[in-house]
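Novice: Now for the letters of each chain:
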Amino acid sequence: MSEISSRRIGRRDFLKMSAAAGLAGAGMAPFGSGALAAAGDNLDFFTWSAGVDQVKSHLSAFESKYGIKVNYNNAPWAQYRETMVTKFVGRAPLDVLWVSDTWLPEWVEAGWLVPVDGYPELMKYNADASDFCTKSMLYKGHQYGLTYYTDYMAFFYDEDKLKKAGIAAPPATWDEVVEQSLKIKKAGLSDYPLMLSMARETWLIEFMSALVFSHGGRFVDDAGNAVMADRKQGAHAALQWVVDAVNKHKIVSPACVEIGELNGLKAFSSGNHAFALIGRYRIRTLNDPAQSQIAGRVKQALMPAGPGGSHATVGWMRFYGMTPRAAADKARAANAVKLIEWFGGKADGKYQFQKLMFLDVGSGFGVKPLFQDADVRAAYQKYADIAMVEKQQSLAQKKDVVSRWFGEWDEQNGTAWQSAIVGKATVDEALKKSAQSWTDLKKQS
Amino acid sequence: MASNASRAAGVTAGAARGAFRYPVSAYDQRSALLFLAPMMLVLLVVAVFPVVYSFWISLFDLRLTRPHRVPFVWFDNYAHVFQDPQFWASVGRTASFTVMSVVAIMLIALLMALLLNEEFRGRRFLSAMLLVPWAIPYVANGLMWKWIYDSGYGALNGLLYQLDFIDKYMVWLGDTRKTLPLIANAFVWKEVPLATILLLVTMKSIPADLYSAAKVDGADVWRRFLHVTLPALRPGFMLVMIYETMMAVRHFDLFFILTEGGPADASHVVAWEVYVESFRRLSFGTGSALAYIIALVTFLLAFSIIRTMGRKL
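So the protein lines, in turn, are chains A and B. Per this note's numbering, the first sequence starts with residue 4, numbered consecutively. Per this note's numbering, the second sequence starts with residue 5, numbered consecutively.
Next up, chain A with everything else stripped away, as it sits in the complex (with noise of 0.2 Å):
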């Protein structure tokens, strides 16, 4: 076997070929004439498609401020990997980038992120920051980059359920989860109090890393070696519960496999269940009358701990990552860094990019400090309890998954949980196909 000979034919031109062929042939072509027609010393900034207005009205302050000329373009958050991998591989003018932390060991490694601990202007941030915001940052003790926003997996409840089922506090434990659901449905409220969302997509690694985390689990330990279908660690405890919630105890649907977590919203939303576990910026939502039936109801409560586990939960992570495109060059690394700064970081003194993404809609920020400020507790005071929010936050930690075959054995590992709920396996062989699965994949990698 021989490696393509760029003498035959460019590697470089194969893969922009074949990326071209791929892009062409699931017409999703991005390749957009805007980044292919950028050039000179403008900066080019991509970022998937959420809060387009606020990050041009920031770009606007930051071109004023700095007179550095920036040519921003999106594209939607489903396609957004596939879209940058093709415009890696493409070589698209590419300066500066919102990144997910689930992507970070793959695109280092493929040589498209750089580290930015070189520059002390932005990792002097790092002191502001939530503990799992910078580690999910890092890889191979390096940083990859500076906060876009940040979120952990949440537990919600109705408290008019569970005043009506005469239940003073919500649940501490999952056993207490258990125990109250079943009060739940002995009075008639609802016919499966907990809505877990476990359909097969991209959310459902992180409803697994949260029951897994607070049944004080892992998946794989710090050698990076699988451990989730160890009886002593929690990963089996925790889908051991999910499987009795659905089967023995009926608290949870047995239509759990195919709710995703807008449906999980949906649901809870309009007033089906007592319990739910979705992520925390969904409290907004929740609490909006125009939006949910039962607006004013919903209340967060600690992660339910498991036996020997703890409060703790996943949380996620996105953040402005910088290309080698940018780092190649002094000047345009220098205003790579700024513009790094003004989005991440501070703006004038200011977090003032975190802090306008969550008023405008709702998007959770890393920074501690922002827990403090004026305008955000206000924001908070309408639709949640903003001390309950920042110890939970306290609490997460960062998906151990994340590597560079994360993708492939997240699709497997789904098929293993999805079949353990469904009966098809039981949770040993589940997770000790999970297991297989991850030394396999780690060991070609």
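There may be inaccurate statements among the hints.
Distance windows between CB atoms, simulated [claimed, not checked]: (1) B:Met313 to A:Asp247: 22 to 30 Å; (2) A:Lys253 to B:Pro239: 53 to 61 Å; (3) A:Gly274 to B:Lys182: 23 to 31 Å; (4) B:Leu130 to A:Tyr386: 49 to 57 Å; (5) A:Gly169 to B:Lys182: 52 to 60 Å; (6) A:Asp56 to B:Lys182: 41 to 49 Å; (7) B:Leu130 to A:Gln439: 54 to 62 Å; (8) A:Pro292 to B:Ala83: 36 to 44 Å; (9) B:Ala83 to A:Lys446: 16 to 24 Å; (10) B:Trp60 to A:Gln439: 46 to 54 Å; (11) A:Gly274 to B:Leu47: 51 to 59 Å; (12) B:Leu111 to A:Trp80: 57 to 65 Å; (13) B:Leu111 to A:Gly274: 38 to 46 Å.
Because the hints were derived from the structure by calculation, they are not lab data. Glycine is no exception: its CB is placed at the ideal position from the N, C-alpha and C atoms.
Given the structure of chain A, go ahead and fit chain B onto it with the hints provided.
Specialist: Same frame as chain A, but now just chain B:
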């Protein structure tokens, strides 16, 4: 006399043949080639090149996320696919989906065509209504069925509950035993109109004399259907079977929208595997190999249908 007549006939035939023969010159051929060239070029670029190039890609271990190493692996991608138990499981699911879909489409389309072949009040309206599912794009169709099948607020549960067929809402797509048949149902709903039209057109071309002769021979309705209609419908059946088999084997949209291959791989068909391999794992080498395998299987299926049914036409 006779020889004169035949000579005259020969001349006439010769003249007639000559009348259909266009004068051929090098100029005409050049003109024809010139006019055809742009379209040939377009076809080469958009059809021939991608087909050949994707085969070329299938011989490399090409992963977009690993751009610095793209080894030429000959047919390893194909070997890898055939050795993968997951692939064979997905072949089994694809076969189940295809068989149940094509059989249902042909049966329903036949009944619909028989109905629309009769004269009755409202026939035209019914014919127009029949086209509605066909006119709906696959993605919209998928989203519609997702709403219908939803276990929490779906129309199917609502209907069955109100009719007292069920006493609590059922899990549909989340039940691994029901997943494939339910997706097949959505596929059938979309495909039946075209199949009906194809069969109806064939039915309309059956000479009325055949039915009159059968009546004279004392054949009742059932016998006329069995011995006149069904044999005459064979070309239509063949067309429908080939087309719908190809559609079912390659079908992706509904699997993507309704279940994403789940739950627990219950709807992980070959087309879904191609998508996962190519656009989630970004492994274009294996993805291309899988796509070629699907293309080959589809071709072989169509070929065998033509061989077995076409021979009897």
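Novice: Now tell me, hint by hint, if it's right for this structure.
Specialist: Consistency of the hints with the structure:
Look at B:Met313 against A:Asp247: about 53 Å separates their beta carbons, and that is not inside 22 to 30 Å. Judged by the Cβ atoms, the range 53 to 61 Å given for A:Lys253 and B:Pro239 holds: they are separated by roughly 54 Å. Checked against the hint of 23 to 31 Å, the pair A:Gly274 and B:Lys182 passes, with Cβ atoms roughly 27 Å apart. Range check, B:Leu130 to A:Tyr386: about 53 Å between beta-carbon atoms, so the 49 to 57 Å window is met.
Between A:Gly169 and B:Lys182, the C-beta spacing of about 38 Å breaks the proposed range 52 to 60 Å. Roughly 44 Å separates the CB atoms of A:Asp56 and B:Lys182, a value that falls within the hinted 41 to 49 Å. Between B:Leu130 and A:Gln439 the Cβ separation comes to about 56 Å, which falls inside the hinted range of 54 to 62 Å. Evaluation of the 36 to 44 Å hint for A:Pro292 and B:Ala83 yields a failure: the beta carbon distance comes to about 60 Å.
Between B:Ala83 and A:Lys446 the beta carbons are some 19 Å apart, a value that agrees with the proposed interval 16 to 24 Å. In this structure the hint that B:Trp60 and A:Gln439 lie 46 to 54 Å apart at CB is violated, the actual value being about 33 Å. One distance hint, 51 to 59 Å for the beta-carbon pair A:Gly274 and B:Leu47, holds here, with the actual separation near 58 Å. B:Leu111 and A:Trp80 have their C-beta atoms about 43 Å apart, which leaves the hinted 57 to 65 Å range violated.
In this structure the hint that B:Leu111 and A:Gly274 lie 38 to 46 Å apart at CB holds, the actual value being about 43 Å.
Hint compliance for this structure: hints 1, 5, 8, 10 and 12 are broken, all remaining hints hold.
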